[in-house]
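Visitor: Sequence lines, in order, name chains U and W. FYI, the numbering for the first sequence is 1 to 728, going by our numbering. FYI, the numbering for the second sequence is 729 to 881, going by our numbering.
Honestly, the hints are just simulated from the structure, not real lab data. This one's a predicted model, so the numbers in the text were calculated from it and none came from an experiment. Hints should not be assumed to be uniformly reliable.
[Said to hold, decoys possible] Straight-line C-alpha distance at most 16 Å; calculated EDC-like pairs for lysine to aspartate or glutamate:
1. U:223 with W:849
2. U:565 with U:582
3. W:820 with U:218
4. U:681 with W:804
5. U:718 with U:613
6. U:718 with U:366
7. U:617 with W:804
8. U:681 with W:849
9. U:195 with U:393
[To be verified] From the structure, some residues in chain W lie toward chain U, with a derived Cβ separation under 8 Å:
10. 765
11. 770
12. 771
13. 773
14. 778
15. 804
16. 807
17. 812
18. 827
19. 828
20. 839
21. 862
[To be verified] Listed next, the stretches of chain W that the computed footprint assigns to chain U, with coverage defined by at least 3 CB atoms under 8 Å from CB atoms of chain U:
22. 737–750
23. 779–790
24. 849–858
25. 866–873
Backbone N, C-alpha and C define an ideal beta-carbon position, used for all residues, glycine too.
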Amino acid sequence: MKLTTKNISLEHPARREFLQATAVLTGAFVIGAFVPFAKRVYAASAGGPAAGIRDPNVFLKIGADNTVTLLSKHFEMGQGISTGMATAVAEELDADWSKMRCEFAPNNPALYQNLAFAPYMVTGGSTSMMESFTQMREVGAAARAMLVGAAAAKWNVPAAQISVHKGVVRHKASGRSAMFGELAPDAMRLPVPEKVELKDAKQWQLIGKRAPRLDSVEKTTGKAGFALDIRRPGMLTAMVSRPPQFGGTAVSFDAAAAKKIDGVVEVVQIPQGIAVLAKDTWSAIRGREVLKVIWDMSKAESRSTDAIVAEYRQMSGSKGLPALRRGDAAAGFAKAAKTIDAEFVFPHLAHAPMEPLNCVLELRADGAELWSGSQLQSIDTYVLSKVLGFKPEQIRINTLLGGGSFGRRGNPVGDWVAEVAMIAKAINGRAPVHLVWTREDDIKGGFYRPMALHRVKAGVDSAGRITGWQHQVVTKSIFTGTPFEGGAVKEGVDHSSVEGVVDTPYAISDMAVDLHNAKSPVPVLWWRSVGHSHTAHVMETVMDDLARTAGKDPMAFRLGLLEGKPRDIAVLKLAAQKSGWDRPLRKGRGRGIAYHFSFGTRVAMVAEVTVKDAAYKVERIVAVVDCGVAVNPDVVKAQIEGSIGFALSSVLRNQITLNKGVVEQNNYNDYEPTRIREMPKVEVHIIKSAEAPSGIGEPGVPPLAPAISNALFAATGKRVRALPLTLV
Amino acid sequence: MVTLNVNGKNEEMDVSPEMPLLWALRDRLNLTGTKYGCGRAMCGACTVHVDGEAIRSCSIMVGTVAGGKKKITTIEGASGKVAAAVINAWQKLDVVQCGYCQSGQIMSAITLLSKNSKPTDTDIDLGMEGNICRCGTYVRIRQAIHQAAKSLA
């Protein structure tokens, strides 16, 4: 069968076209803009939207029942951002927390763009609270001023005499009061204040305190709505048979057996493979099982992991792209009294969120509607409009809760959205299509944390100072070829390949970092903490090795390299204190420290391990975090606990390996996430801070592996460098 | 025709007796609180109760539990003292993150506490071993089970 659908390049979307498409979105009136009571049409000013729109009509719905619903521009994948943004709004609004609700905003980047990734509507890079903290407080303050204004007009009293407390607007002198719901229709028609004054941190009632999560009830009663739970009339479930090696393509297929399966409706070819459409999930699974496909593997990845590592090793010995040149690393290294030379190998990793990728697409004559849990509505809008031939404003996206993501639901080439669009197009939009990936599809489906190989040569002088640091990084670029390339890749150096190395907070005066861009048809993607997921392990284990080489305590050695950096020092010192760093441990136990700065946040972790023969157990993690203002300290704590549980699986065992191009892992049996019995005791200490909030979804991941590796070294005297960490 | 007793109601449906219970619940009865995670009884996201026992619904055929005699309970029908204590503890401690695995976690925790009213950490680890949480909420799952046990004592 020949391809009937127009193929678009999925690996390398045309950046210029993408920018043009999104310019259309951001520059003009946009269908789908939320218009609340006031029926106000919000048109972005010519030349793009103003930074930080604070119009409450865009972000809030105040109901007659006094509920305040935030239209969240950020996707909730478990990180707690719905609760976080609602806290910022409620604080300035002086709202009653029990009346706060959250819904997801429509795909309208003119209104709901991430200010850190303008003009795109994006949830990622641990930017959400950082970029929206001021904006959401301003929205709350503006809404409060407008509610007060409405009350003042209604009661004919001066606004200055009106107070607001827990959702009640009150004029003390006259004894009048009203709830938000009563005042909202008038309030929302008032002009948005030109300027709003925000509370001083000392006046905060909600920020920095414990506000219960907004999504706990629905998520503990089976009512939470994920994309997998969407049901549309006449909907068909689609499963795609994809090439067994990355880069392969379907030549032909035989659907006779599949069509004999009860419930299978149709089998169609799309550029990504062969799609089986059925009336229910089980029929689709069985139909795909018996589908016969002939694949062309001539351009596919056919190497095994060992061969790729060997190639990376060879590349690390050649000259790379200069990612950092500071001082004279070679001369510094040459004059060292003691040196170390270490190689690190990191495997591909799958995100493996509990909810496998899926989404529902419905085509109509005048547009398309998508139900999906996605981090990148701007990309999905672009991909759908491109494949389906619609204008971006004809695409409506209903963002739903995500059953985990860790980066996987934020794909710059929109892989699974492109699939559903191709399928819907192939059946001429006859029925709504629910594309569902199985767990096997997820584990074998690519878009992995890229493999990486690091080689570090570093030395210390007789006083224990680092004299030179030469660092080679070999990995495949994540950002090259994506619409985000411009911001992330400079002269071939993808910052995400070397982040955590080139911007290390440690004072290393003579340092050189070379990057080698590996090529492979294996698609790669940001995986919770992106480059930091490997660079922190290298930096922090080498730091430990250097400390021991210099005969210094690892904690003291680090502190010595952080002079003039009080926030970093405070985090390390508190970690030492809370973990009992100086207390001796029993034989067979080990304690290790790691410290890393990522996404604007500082995290130190002290790991305690027990070792018995070749087996080890992580007993306890003491974590200290400085993320600026902790808007919801309990969410911050949960993110650090969760990051430990998430990252531990890649320390203990997770890796994606290729055998002649074929992924060897299948499901949770051979790509097994952390189990409850493996979860260490976790203590999280948050530094009290008045600084702007920084990231929290990702920074808990990077320090875990090196803290454990350093603890294993302390217990055994053996250094394990490759991840996963295996004692032999 | 197959009859399933789900959440106290007999439900008739025209499905193959070989269809996994998970898909009958989700695709036929629209009880979407029970989740698909792995399809191989390795993650526990699909955990339901059959006569009070925690069962992975992805790996049990409809035919095995059909006839109306076996009582199937999903998260939507979880009720009683133990269920209320577990759900309450889960909410009080804000255990959830993405929430996708939590229906299964809660169903397993209800079975655990129904059999062992005062579980130790080790009992919890054993009882909850079949339920994966990729968000890593295990610290709070342990705490919530202890708290539910305490509230039931």
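Visitor: Please go over all the hints and tell whether each is borne out by the structure.
Guide: Evaluated hints:
Note on residue 223 of chain U and residue 849 of chain W: the hinted pairing is violated, with a Cα-Cα distance of about 29 Å set against a maximum of 16 Å. With a C-alpha separation of about 23 Å, the suggested pairing of residue 565 of chain U with residue 582 of chain U is violated against the 16 Å cut-off. At most 16 Å may separate the alpha-carbon atoms for a hinted pair to count; residue 820 of chain W and residue 218 of chain U meet this at roughly 13 Å. Our distance criterion of 16 Å between C-alpha atoms is broken by residue 681 of chain U and residue 804 of chain W, whose separation comes to about 32 Å.
Under the criterion of a C-alpha separation no larger than 16 Å, the hint pairing residue 718 of chain U with residue 613 of chain U is consistent with the structure, at around 12 Å. For the hint linking residue 718 of chain U to residue 366 of chain U, the alpha-carbon distance of about 65 Å lies beyond 16 Å, and the restraint is violated. Distance hint between residue 617 of chain U and residue 804 of chain W is unfulfilled; the C-alpha atoms sit about 37 Å from each other, more than 16 Å. Distance hint between residue 681 of chain U and residue 849 of chain W is fulfilled; the C-alpha atoms sit about 11 Å from each other, no more than 16 Å.
As the CA atoms of residue 195 of chain U and residue 393 of chain U are separated by approximately 31 Å, the hinted pair breaks the 16 Å bound. At a threshold of 8 Å, the smallest CB-CB gap from residue 765 of chain W to chain U is about 5 Å, leaving the interface hint in force. A hinted interface residue such as residue 770 of chain W counts as satisfied when its beta carbon comes closer than 8 Å to some beta carbon of chain U; here the least separation is about 4 Å, so the hint holds. Interface restraint check for residue 771 of chain W: the shortest CB-CB distance to chain U comes to about 5 Å, inside 8 Å, so the restraint holds.
Interface hint status for residue 773 of chain W: upheld, as the beta-carbon distance to the closest one in chain U is roughly 6 Å, under 8 Å. A hinted interface residue such as residue 778 of chain W counts as satisfied when its beta carbon comes closer than 8 Å to some beta carbon of chain U; here the least separation is about 17 Å, so the hint is violated. About 5 Å separates the beta-carbon of residue 804 of chain W from the nearest beta-carbon of chain U, less than 8 Å, and the hint is met. Among the interface hints, the one on residue 807 of chain W is violated; its C-beta lies about 11 Å from the nearest C-beta in chain U, farther than the 8 Å criterion.
The criterion of a C-beta within 8 Å of any C-beta in chain U is not met by residue 812 of chain W, whose closest approach is roughly 11 Å, and the hint is violated. Hint on residue 827 of chain W holds. Least Cβ distance to chain U is approximately 3 Å, under the 8 Å limit. Hint on residue 828 of chain W holds. Least Cβ distance to chain U is approximately 3 Å, under the 8 Å limit. The criterion of a C-beta within 8 Å of any C-beta in chain U is not met by residue 839 of chain W, whose closest approach is roughly 15 Å, and the hint is violated.
The interface hint given for residue 862 of chain W is met, as the beta carbon of that residue sits about 5 Å from the closest beta carbon of chain U, less than 8 Å. Here's how the stretch 737–750 of chain W fares: 3 of its residues keep a CB closer than 8 Å to some CB of chain U, so the rule of at least three is met and the hint holds. For a cut-off of 8 Å, the count of residues in the stretch 779–790 of chain W with a CB near a CB of chain U stands at 0, and the three-residue condition is violated. Interface restraint, the stretch 849–858 of chain W with chain U: holds (5 residues with C-beta to C-beta distance below 8 Å; minimum three).
Using a Cβ-Cβ cut-off of 8 Å, 5 residues of the stretch 866–873 of chain W lie near chain U, which meets the minimum of three, so the contact claim holds.
Violated hints for the displayed structure, listed by number in ascending order: 1, 2, 4, 6, 7, 9, 14, 16, 17, 20 and 23.
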